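Student: Protein chains in written order, with the numbering used here: chain R, 510 to 815; chain L, 510 to 815.
I should point out that these hints are in silico values taken from the structure, not numbers from a laboratory. Check each hint, because a few of them may be wrong.
For identical chains, the list gives no copy identity; a pair is met inside one copy or between any two copies.
Under the rule of at most 25 Å between Cα atoms (straight-line distance), these lysine-lysine pairs were calculated in the BS3-like manner [what the hints assert, rightly or not]:
id, residue 1, residue 2
1, K616, K638
2, K527, K664
3, K632, K564
4, K632, K523
5, K638, K569
6, K625, K811
7, K713, K800
8, K569, K713
9, K673, K800
Keep in mind that this is a model prediction, so the values were computed, not measured.
There are 2 protein chains.
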Amino acid sequence: MSVLVAITGRDNTKLIAKMQSQLPNIRIEQLDDCQDFAGVEFVLAWNAPTSLWQKLPNLKAVSSFGAGVDSIDLSLLPKDVEIVRIVDEQLATDMAEYVLTHVLAQKLRLKEYYIKQQQSEWKPKRAYKYNQVSMLGFGELGRASAHSLVSNGFKVNAWSRTPKKSTIATLYHGDEGLTDMLAQTDYLVCLLPLTSSTEEIINKQLLEQLPEHAVIINVARGEHIVEADLLDALNNQRLRGATLDVFASEPLPSEHPYWLHPGITLTPHCAALSDLDSVIKQIADNILRLKAGEPLINCINKQQGY
Amino acid sequence: MSVLVAITGRDNTKLIAKMQSQLPNIRIEQLDDCQDFAGVEFVLAWNAPTSLWQKLPNLKAVSSFGAGVDSIDLSLLPKDVEIVRIVDEQLATDMAEYVLTHVLAQKLRLKEYYIKQQQSEWKPKRAYKYNQVSMLGFGELGRASAHSLVSNGFKVNAWSRTPKKSTIATLYHGDEGLTDMLAQTDYLVCLLPLTSSTEEIINKQLLEQLPEHAVIINVARGEHIVEADLLDALNNQRLRGATLDVFASEPLPSEHPYWLHPGITLTPHCAALSDLDSVIKQIADNILRLKAGEPLINCINKQQGY
């Protein structure tokens, strides 16, 4: 068997060297230099060209090079190919810290004071009392964030497509559940996987169901938001602010209206940066499992898409 | 007995009306209109003129209109006058939230990203790993902050003049203890009372004992810091940054170099704003205790000055 690294838009030299040192007896090929597509059984993929999949008659498993699998068009893959993703515990810890920090920053008006500081303007105001955080999505990252928020005095709601269980958050599911939750939301944190049913979920209709003092925090994917609808809500004071870490196009183009919008706090997709060594360890583990005929870890449900 | 409100630089109309409604049978006078200084037994003071105290032959107690008593020159008061201060539990909660938020904001580089946003610059960086917070001062506010920091994964050190006890923080005291603590400090939070021995405690000598990546967070009094020494340390990269909520002169003059300094995050003395109703309840309680000959609450130790 051989492994193919099909990650585009990134220099993979270091990644492949590290993988090879962990897997000395496995042949690891790069997309551009691949000599033997028929020998490939495992692909590590991120934004791989859609034409790739039909060239791989012996493909058995694809690992996404990230927590989401939205960079892989699952409809192009044979049904018996396993799809796995990265589950990095440090990612959940970092994400929870980012979410807590930015909810607190919105509560304590950090960006407002930062703007006032530049204008040498002294204008003390009380922090907002708002303390209800609603999460769209309640997977590993959502649960870790909920724990941290609850232990810091926030009330946490969470919405997921299918019913889930939790002792710390009030749970909602389905369309009706979403409407109920939005009405009691001070901070809406998006941590959904990107699928056809969650794409553009933060649109005019959703935004209109939020209180005017609400804040959006998006740490999932840029495509969850209809940009024009978000800007419209901010510009018409139907929303207090937004903290955005992810964008449909990254790096965010320098002429994009998000950059200079006073209601937007922007960070450059840094909420949870994978540690390369721990990611490689997990990928190598799955490659060895495949070789040994053992079940893979962190498989997704292909019908759900996450 | 009568009560005198001697708070300068502030409109006290609402305060006095609220006090009067809580204390319908007590005469409450304003400094400017006071007819009978000899009848005054209780003064509520903030930046009262120093000439006031010798006019009050029957003074029994002075309440500061704040958590600190540094606005009152204790040397001018007879020894048997009790000095009390405001101890507002909400203040401790708000202060702990401010300290946690701004430690996290420094850890996750929020100001750095704000600046990059204004420049439309996409430059992801990992959050700092630094997680040791050292507190100067370990009273109610310090303890509340330490609890919150520890429950969010920080290691907390605390320094006080006299030895104290704690199960959550590593404690230091005295000059030698201060030196030991500074060497292992990533974030130095000042929550000291302002006394002659703590004034200008954050000076060149102290700053030189901190690691270069350290950050100062001052939520006590502006006078704790030697401004020129702080600016010098920041300008020479011997300190990573400072979050300042308090200043020797407030509002901070618009030409002050703090305003536009990229290493300084400035907030307008808003870390813990007293809720007027809960403050008045506490003052009224002490006035009624004095009238009934009962011991007052929240007395300070006049020799320590806090």
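Student: Each of the hints needs a verdict: does it hold here or not?
Tutor: Hint check:
Within a single copy, K616 and K638 get their C-alpha atoms as close as 7 Å, and across copies as close as 24 Å, so both meet the 25 Å cut-off. Neither within a single protomer nor between protomers do K527 and K664 lie at most 25 Å apart by alpha-carbon distance, with minima of 43 Å and 33 Å respectively. For the identical chains of this complex, K632 and K564 are neighbours neither inside a copy (64 Å) nor across copies (36 Å), given an alpha-carbon limit of 25 Å. Taking CA atoms no more than 25 Å apart as the test, K632 paired with K523 passes between copies only; the shortest distance there is 20 Å, against 50 Å inside one copy.
For a Cα distance limit of 25 Å, the shortest separation of K638 from K569 qualifies neither inside one copy, at 53 Å, nor across copies, at 38 Å. Taking the shortest alpha-carbon separations for K625 and K811, neither the intra-copy value of 49 Å nor the inter-copy value of 39 Å comes in at or below 25 Å. In this assembly of identical chains, K713 and K800 lie within 25 Å of each other by CA distance neither inside one copy nor across copies; the values are 49 Å within and 62 Å between. Neither within a single protomer nor between protomers do K569 and K713 lie at most 25 Å apart by alpha-carbon distance, with minima of 42 Å and 64 Å respectively.
Neither within a single protomer nor between protomers do K673 and K800 lie at most 25 Å apart by alpha-carbon distance, with minima of 34 Å and 60 Å respectively.
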